[in-house]
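Novice: Residue numbers (my numbering), protein chains in the order written: chain A, 74 to 525; chain B, 74 to 525; chain C, 74 to 525; chain D, 74 to 525.
Mixed in with the good hints, there may be bad ones.
Note that identical chains are pooled: a pair holds if it fits in a single copy or bridges any two copies.
As the list claims (entries may be wrong) - For lysine-lysine, the following DSS-like pairs were computed, each having C-alpha atoms within a straight-line distance of at most 30 Å:
id, residue 1, residue 2
1, LYS247, LYS91
2, LYS195, LYS230
3, LYS419, LYS247
4, LYS247, LYS228
5, LYS415, LYS315
6, LYS315, LYS230
It should be emphasised that the hints constitute simulated quantities derived from the structure, not laboratory data. Keep in mind that this is a model prediction, so the values were computed, not measured.
Now for the letters of each chain:
Protein chains: 4
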Amino acid sequence: MELIKQIRENEKKDKDDKRMRLNVGGHSFETWNSTLERIPGTRLALLATLKEADESWDSERREYFFDRHPGAFMSILHYYRTEELHADQNICGNIIKGELEFWGLTELDIEPCCWGQYSKFKDHKETLAALDDNFTSQIDTECAVWDEKPSSLNKFKKQMWVFLEEPSSSRGAKGYAVISMFFVVLSIATFCLETYESFRVPINSTVKPINNTGLHLVQAATGDYCVKDKLLDMVYSFTDTKPHIVMQVLDYICAAYFTTEYVIRFFFAPRKFYFIRQPLNVIDIFCLIPHLIAIILVTVNPNDSTSQLFKSMLALRTVRILRVFKLMKHYSAFNILVYTIKVSIKELMLMIIFLLTGVLIFASAIFYVESDNFNNIPLGIWWALVTMTTVGYGDKVPRSQGGYIIGCFCVICGVLTVAFTVPIVVNNFALYYAHAQSRIKLPPHKRKELKR
Amino acid sequence: MELIKQIRENEKKDKDDKRMRLNVGGHSFETWNSTLERIPGTRLALLATLKEADESWDSERREYFFDRHPGAFMSILHYYRTEELHADQNICGNIIKGELEFWGLTELDIEPCCWGQYSKFKDHKETLAALDDNFTSQIDTECAVWDEKPSSLNKFKKQMWVFLEEPSSSRGAKGYAVISMFFVVLSIATFCLETYESFRVPINSTVKPINNTGLHLVQAATGDYCVKDKLLDMVYSFTDTKPHIVMQVLDYICAAYFTTEYVIRFFFAPRKFYFIRQPLNVIDIFCLIPHLIAIILVTVNPNDSTSQLFKSMLALRTVRILRVFKLMKHYSAFNILVYTIKVSIKELMLMIIFLLTGVLIFASAIFYVESDNFNNIPLGIWWALVTMTTVGYGDKVPRSQGGYIIGCFCVICGVLTVAFTVPIVVNNFALYYAHAQSRIKLPPHKRKELKR
Amino acid sequence: MELIKQIRENEKKDKDDKRMRLNVGGHSFETWNSTLERIPGTRLALLATLKEADESWDSERREYFFDRHPGAFMSILHYYRTEELHADQNICGNIIKGELEFWGLTELDIEPCCWGQYSKFKDHKETLAALDDNFTSQIDTECAVWDEKPSSLNKFKKQMWVFLEEPSSSRGAKGYAVISMFFVVLSIATFCLETYESFRVPINSTVKPINNTGLHLVQAATGDYCVKDKLLDMVYSFTDTKPHIVMQVLDYICAAYFTTEYVIRFFFAPRKFYFIRQPLNVIDIFCLIPHLIAIILVTVNPNDSTSQLFKSMLALRTVRILRVFKLMKHYSAFNILVYTIKVSIKELMLMIIFLLTGVLIFASAIFYVESDNFNNIPLGIWWALVTMTTVGYGDKVPRSQGGYIIGCFCVICGVLTVAFTVPIVVNNFALYYAHAQSRIKLPPHKRKELKR
Amino acid sequence: MELIKQIRENEKKDKDDKRMRLNVGGHSFETWNSTLERIPGTRLALLATLKEADESWDSERREYFFDRHPGAFMSILHYYRTEELHADQNICGNIIKGELEFWGLTELDIEPCCWGQYSKFKDHKETLAALDDNFTSQIDTECAVWDEKPSSLNKFKKQMWVFLEEPSSSRGAKGYAVISMFFVVLSIATFCLETYESFRVPINSTVKPINNTGLHLVQAATGDYCVKDKLLDMVYSFTDTKPHIVMQVLDYICAAYFTTEYVIRFFFAPRKFYFIRQPLNVIDIFCLIPHLIAIILVTVNPNDSTSQLFKSMLALRTVRILRVFKLMKHYSAFNILVYTIKVSIKELMLMIIFLLTGVLIFASAIFYVESDNFNNIPLGIWWALVTMTTVGYGDKVPRSQGGYIIGCFCVICGVLTVAFTVPIVVNNFALYYAHAQSRIKLPPHKRKELKR
Ligand SMILES: [K+]
Ligand SMILES: [K+]
């Protein structure tokens, strides 16, 4: 039999070989001396070639002893046997990294099939540790200036700052946070609803709704039974109305509250310049300024509600919606999202670039084929994006044979582009979220221990 | 060579060190005494520092014996070597938890890279055990009152209750469940179809359909070839018709059946108040009351079918569709869904909040840019939600340059928001479903053993 | 220190205990005798309680020897220590199953956290083995009748059957398969294109296209600039045209080919009744019969092309599109899809039921709120389904405040319902596909070995 | 007790059996001689049957020694015990492959439940190694011709080629790459914007926009309040305008730059024919030729801007958008995408075929049911594709009962088809991307070591 022959041959060449016994952390490994010589320049090859008793030699038990991880050593020893380094899947890549260094090997020798698992662990260690840091309260470092020269004023300032910033610090702080959130919600609700028909009153009621009789006449005359809807759209005009007085009052109350809050928080902020640069505080200022200017304008010249400046101030108030981010301040999931986006900015760009490439190509193609329908390429870009993301408004639709064919390709490419890129962007969020959640589940005193 | 030097140095400092042999569950581990001293306050550090024979010392074999898990100990011992605690990936986190406690370590020392796998096991143990409990029949605990004082009446009551509640208890019970389901389906089908044109008859046939000749005349006169559809919409009017008499009869039959069923089930229910509060029974009552009131009204005053109360009773009948949940009662997947939603309520809120934030911002932006097209922010919210979820009705579409640009961002943010948050909400359902399915596959007597 | 005390106490109670040494497949495990007694009725508990030398006792080495899997035993022994059975993640569940049986334990003792991984392996073993069988050629079993009584006719019949059924058997068989596929594609292409304007000729050309001058007059008269599109729709009428003569000839050629093929294949089929019931052959018959009847009708009465029977035969030809499944016959991915759907039928029902529940509830809600827009519940069902699956045609859209709110809920519930249920349905397909692909990559002679 | 009996029986038949001790890489395994005989023809069976001392016999320690992987051997030995080969999950399939070969076993004996993990590793090794090669710079192999006969000219040519091709080679090369990209972006931007209304001027301004007063008159006369939009579409006509002179100049500059660049790169290309065939260079030529011909035409005959050739040249310029791929040249993610698509071409076909099958069936069905709405099957195909991918433009929507039902099935099948097939196509991209990213994170000198 072939197998027997093969066996005999194998053993012949091993004849003059010495068997090496390695005790790694209490587990014993054995191999031929010649095996260890196969990868020169490494710790084990040195052991094998020196052929002399070295410090790790235990003459009593006739073995070499190394105080290392026995599990990882199994893979490492097998590297000498097969000249392929496969890392064990159940041992953390960071352990393997350390062992590889000890044995004088390089991580680059890890085969591609096992590299992924290995490097995943290394990456996670860094990013997740950074994530843990991200959730550490920075109040102590912020207030270091005050802690250095402790006076009763500084002590009070720190107490107030903790009160303002850390809702979990005391009951009062929690109450304050709730009130603050209530005003943010109130401000946003006011802003959204004051644009809504039912909350608006006409400035001067010259436009009268056409009664039904009139409507029927118009319909009879024009033969257009859709006229009612069209007329209704004309009757109600946004620019001829103003928000109800209650909405305006609520608006002023919110403005007053946010101004006061900003001033107080600025006063107690330990590092003023750092405070001003914080994104949420920048938003605060952005929301307040147009409001305050508008109030000043009205006070100065009450009748002039049509000046250009006043109007642009009104328009700028839309920025106020950004206050929604203030709600997110103490919401860990949002912070994780921001962290994920920061870390995955490259992947996000990847998605945008892939989408853009597809969109440009299909926009040009549809413009080439249906230039009467898609008058210009920017319109084609709008259509292609809406199609590729499977939104499909239907405001612009191909109408010719060629257009249909391009549309089909666009749809399929869109589905694939989204499917290819989105998981890569999103990938880490689930991991980070799960990590943060399992940290949050720990009791508070344990979490503190964590924050080394 | 540098490596050799490094090796020599390493071994020098170990010279005056003692080698410790630890027998953990039969597997032998060896390390230097100095290694064990590195993490003070733990069981192994005590062993190393005491330098005296302790109870676990086996003088014969010159080793310490511990009756613990040898696999987990490999990671634990490596913690002493590298001062980084990496948990083994293939050992359940709950084993590791127990071992860490025994060796005097804390789970907080686990590195972030291995924490996820570790805490996943801990979580699953709890949630899946709760899921198993969720599927345990509670009839025995419910009927405990009757079991305490066993009389023939109580025995009969319990038999009846099991018959009504547990379709798997007997053939008759199964038959009853099927009949009950049939009436639910009949009730829903009746309700849906009685609104459909073909199943309705006119109350008084004053409105006559316009014949085709007339239609052509109208079209010729107005030049509006869409007129036919518009007219048809006018001809058939929901309020001028009533459901066919057969539908009404079916309706009454269902009402009678559900009333009887509720009364009987209430009579045999072991805990009356608990019974009334059950969601499915609340739905039953909600569905029945408007129906019964309507019947009483008709009996009292047969001609008055236009009174306000009668009309509102008719409207309230829509609630009847909730009977669809009665079909779900014995459907395990639905119970798993409910359980998942209960457990993932936080993640669901996350999705809603993220969507809402995006929706509010884009609604404001589109309102700011196209205030003539999007008259108010609530309309913008509708558009933004429909766009972000890629539904894209197309009833409201941006029409200007600025609107297109905001639309593009809205679409991309929508795709990402959904992609970021949905997997987190959905995540556990697949796990719970797979778990429940593999439990269901077990033969019934085995499943009972499970329910400890 | 507390830890020291605890250690002392632990060891005291172990004092009068005996240490057991178990050699499992060459790996040694040690534990206290008392530990093994903790789970009574199992093999190890018996060993511990009998306190006598049993057959597995090796007096020389003073240990019990078992020829079992040492890896799985680590978990099993730990069950005695902690009374919680956690299965090792890297050992196949089927190995664990066997070991549990040997040691007298039940799989039901596995903790929920490790149950999933364990039962996954068990499931996969069954379903994937079934999948492997699914791809085994059944020609040999089919032709068993002929093999029993070998005559030259039967031999020829078998050769022909292999030729017709197994494209990989010979070059000629491959050629035949290609020709057969060509005719299927031709048949489908003919069918699709003969409905298209460019491939149709008018039956009698009474309807003349209106020239542009006429169009402008109509536009001027009616003031409707959309009239052109409307008129064009009228000018081209499907019923007034017939397919081009070339299409008809191709149609007849395909019909002739498929008839011949069916007859030949029927003749050589080893099991006639089994052949007739095969889904693909049923489709063949369904496609051919209307065609043949139509031809007979034309032959009998050439002028009567308007009879009801003839028309319904024409309509029935639509069934012909099902021939597309004939293309799939030799396409392994399609067979995997069919297998997946068969296995996941329960999950598919789950998706349908969840969608249906949602659809019914939202249909009722929208009907309740906007009964003037959504005239009946079936229409609401259409809208709800189109919305929940994020298709969003926009043919029916809510128009009131209440409708918008219901629409928002419908959209979000839809996204979630799809996200919850689709992964569960789809789950196995990727696994089966990957499995089948890795099997297909094996060289053919190896694949045969596999099919035990 | 039954268990005891069973135990006794088991041990009886083992009585006359010999215990074998196998030392595999230092780990000891023990089993009965009879166990090893169970799978004949393998290395271990030979060992057991020969019953003689073989070369691997270590008489001193009374065991057989094999210098192999002890972890994998645990599974292999268990194969002899249970006759089912389950591979360990945490050992790379490539290690298992080698061990199986050594022990005389075949990978085909691996059970289906463990096959997936095993073959995954094998696949990854190949595809990921190919991916690594894909990113290796090929400049050295390209320039081999010049390196063979080193002259100062050849040296300069190589330097220039490296400068042109490898932006990371020097600062200047980086600068050149940036300039090159800038021109690509400029060219694309010019192309897109020159079609946009604001960047176009009328050729001869005969068409005057209708003023608002006129509009109101038209509206009043026709009763068509949509007339404004329709008129606006007529007023602005693409063919009556030409791009602004600035756009044209930018266009010429880009053309000049790309021509120069192509000529220079062609001059320095080491292998001319290979250079010409490169996809990106083919695109370059395709983009330039229509441009150059147009310029020549204008030079020859400046007034004739309406000739057919000139017009078709203008149209062909759309190809220019393909220059977007030139941006991708140095973008690794794009190369990974191309590689993924190359590797997954089979899976991509799978998706297309499944979609096509669904589309054809639903197109026929909707054509059969609503032949007045869907005039021909190609239109039905468009509708079915748009529905199945959940784009849902709403330009064609079913309008009858039957159509609604088919629409519902189409939507659900679409969602499922996409969900079934897309993950399979996309599957590998995330893996390849993660692999490439972890490679890119390595410091450059390390990456070079990798490229063996
Ligand atoms: K859509
Ligand atoms: K849509």
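Novice: Between LYS195 and LYS230, at a C-alpha cutoff of 30 Å, which is it: within one copy, between copies, both, or neither?
Specialist: Neither. Shortest intra-copy (42 Å) and inter-copy (42 Å) distances fail the 30 Å Cα cut-off.
Novice: Regarding LYS419 and LYS247, is the shortest C-alpha distance of 30 Å or less found within a copy, between copies, in both, or in neither?
Specialist: between (38 Å within a copy, 20 Å between copies)
Novice: Indicate which option fits the pair LYS415, LYS315 if close means a Cα-Cα distance not exceeding 30 Å: within, between, both or neither.
Specialist: neither (42 Å within a copy, 44 Å between copies)
Novice: What label fits LYS247 with LYS91 when the C-alpha limit is 30 Å: within, between, both, or neither?
Specialist: neither (73 Å within a copy, 56 Å between copies)
Novice: When no copy is specified for LYS315 and LYS230, does a C-alpha distance of 30 Å or less occur within a copy, between copies, both, or neither?
Specialist: neither (44 Å within a copy, 68 Å between copies)
Novice: Please sort LYS247 with LYS228 into within, between, both or neither, judging by C-alpha distance up to 30 Å.
Specialist: within (20 Å within a copy, 55 Å between copies)
Checked against the numbered hints above, the structure violates hints 1, 2, 5, 6; every other hint is satisfied.
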